[in-house]
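Asker: In case you want the letters, here they are:
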Amino acid sequence: MSDNLENNMKRVFFTLILSCLFAVLAGCGNDQYAIEKQYWQAQKQAEKIFKNPHATPPRELERVVKLLNRFIEKHPKTNLALDAEFNIARLYIVKEEYDKARTQLRTILNKYAKSEAICSEAVFLIGNSYEIEDKWNLALEQYKKIMQVYPITLRGLDIPIYIAQHYKVKYQPDKMVSALEETIGHYRTLASRYPKSPLSLKAHTLVAECYIALKDWPNAISSFNTVIDNYKDKVKMDGILLDIAIIYNRELKDKVKTKETLEKLIKEYPKSQFVKTAQALLKELEKK
Amino acid sequence: MDSQKTGITSVKKVYNTTAKSLKENPALFVPFIIFAIFEFISLIIISLAPRMPLRLFFGPLIRTFWGERFLHYPLNFLLLPKLASLVRMGLTIIFGSLLTGMAVVIICDIYNKKPIKLGASFKSALKKYIYLFTVVFIFTLLFYILVKLVTIGLIKYFIAGHSRLLFLGAGVWMGPVLFVINFLLALLVQSAFIYAIPILIIEKEKLIKSIIKSFVLFKKLFIPTIILVGVPMLIYIPVLILQYNGSFLINRVFPEFVLFISILGIIIGSLVIDPIVTISTTVLYLMNKEK
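Protein chains in written order, with the numbering used here: chain A, 409 to 696; chain B, 5 to 295.
Take these hints with a grain of salt, some might be off.
As the list claims (entries may be wrong) - Simulated DEER-style distance windows between Cβ atoms:
(1) B:91 <-> A:481: 35 to 43 Å
(2) A:581 <-> B:56: 55 to 63 Å
(3) A:481 <-> B:189: 47 to 55 Å
(4) A:691 <-> B:239: 54 to 62 Å
(5) A:525 <-> B:189: 44 to 52 Å
(6) B:181 <-> A:663: 44 to 52 Å
(7) B:267 <-> A:562: 40 to 48 Å
Because the hints were derived from the structure by calculation, they are not lab data.
Cβ atoms here follow ideal geometry from the backbone N, Cα and C, with glycine treated the same way.
Using the sequences provided together with the hints, build the complete structure.
Answerer: This is how it looks when you write it as structure tokens:
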């Protein structure tokens, strides 16, 4: 009986050792996880330069660039290779080697010419490199290129506002106003080119945000109303209704319209996360 | 004051007997070594979960419960201590219950100066497996529910907009205070159930009766039980602190360091704390029974 038990125990241990060996062997393959591990190690080296670029000797930069390039050569068709390509450019930028950075970014542009999203990011970084060098006109040229060539990418949608923000930060209100006006025109064109699409919804919302930046409250409200009229059946409009109510309340001091809008929000979206805020605002209005 | 002195004296006596038993009968370690091996193999398997072919099985589970990012290097190491703790819970219920029962039989034999027979001890425990399983299941589930209740309660309290609770902010409550509360809960729950297995095995009582008797004995031997269960558990605190700072270790040392900490956790937990707690409390139970 005890021999039997011993044999059974031996069998159990043998199975356990085999499964352990199998698990360890499973960890030796060159799968996606192994690629991620290799990239993380290269990325760690790059991080040291990002953290302290001025104290990094040029030889160290070249070593890390080589490391990243080797990774790209080894795993060319992975997302991490693309990330590595951009990181090389960013490394050159932080080390103020702008020409090398732009050459790297142009390589990305050629390599990934079919992907608009990737190209728009590469052009944006080229623009950034000029901006850091204090060459705004050259940067603006790149940013305008994104608006024209890659308008429906995420970067393409953001870039007009980015330009206006630049003028705001640099205390150039006239240029900011004209940039915002140009932006409004750009978004309206996009919205009309892709009617009733999610892109058109985004463009209309951005138009309203531009009017808010311009402090043109009636037009901001009218843009929001356009969004509500066109997309009410497809998307929840509770957030937009709250935005309109806030404009009526804070900027236009119109209590009646504020109340009407908040009541509309509560009535049409009783389960909305903004209902509590709307009710609190209504209470505040009644007190006044 | 007198009862406290008696308590501390009995703890000293229990530890002397425990040390002597371990020194003279290394076979006492066998159930704990077997459990540590199970735990180690499980840890290796879950540490390789994001890799092929194990990913085929673990991938959907991890993706559903914790998210895709924990299937990638190095974030998988952030999830490792949590997975290891869940696996330990499962292993404790399935195998730990049986092996603790086996250990109690061996301790009883040593205490009664009978020869140790590993096979026979295993069989004695196996006969009571359903009861052992249920006791450990109830105890583990109770601890898990209590920890979850406290954590969710605190989260809801701070999400509701309160910035402070008893003069302390959310960061302190969700960090060190919650850590201490969890530790105290583990100590209390484990102490309350600690005599249930010796009662099941030695007195051959039924399930519910042994749990109730364990509660009664815990109340009677409150101080020595808390010391015998709590003091060894303190050794585990550095491991918990290191595991709690997983992201720091990943960034400052290297991701695989988290795995080494988990292995250290197995060595300390299963080969140091578990034997000391199980043997000492069983010895205390036997000494108390003699009286």
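Asker: Give me the numbers of the hints this structure contradicts, sorted from smallest to largest.
Answerer: Per hint list: zero violations.
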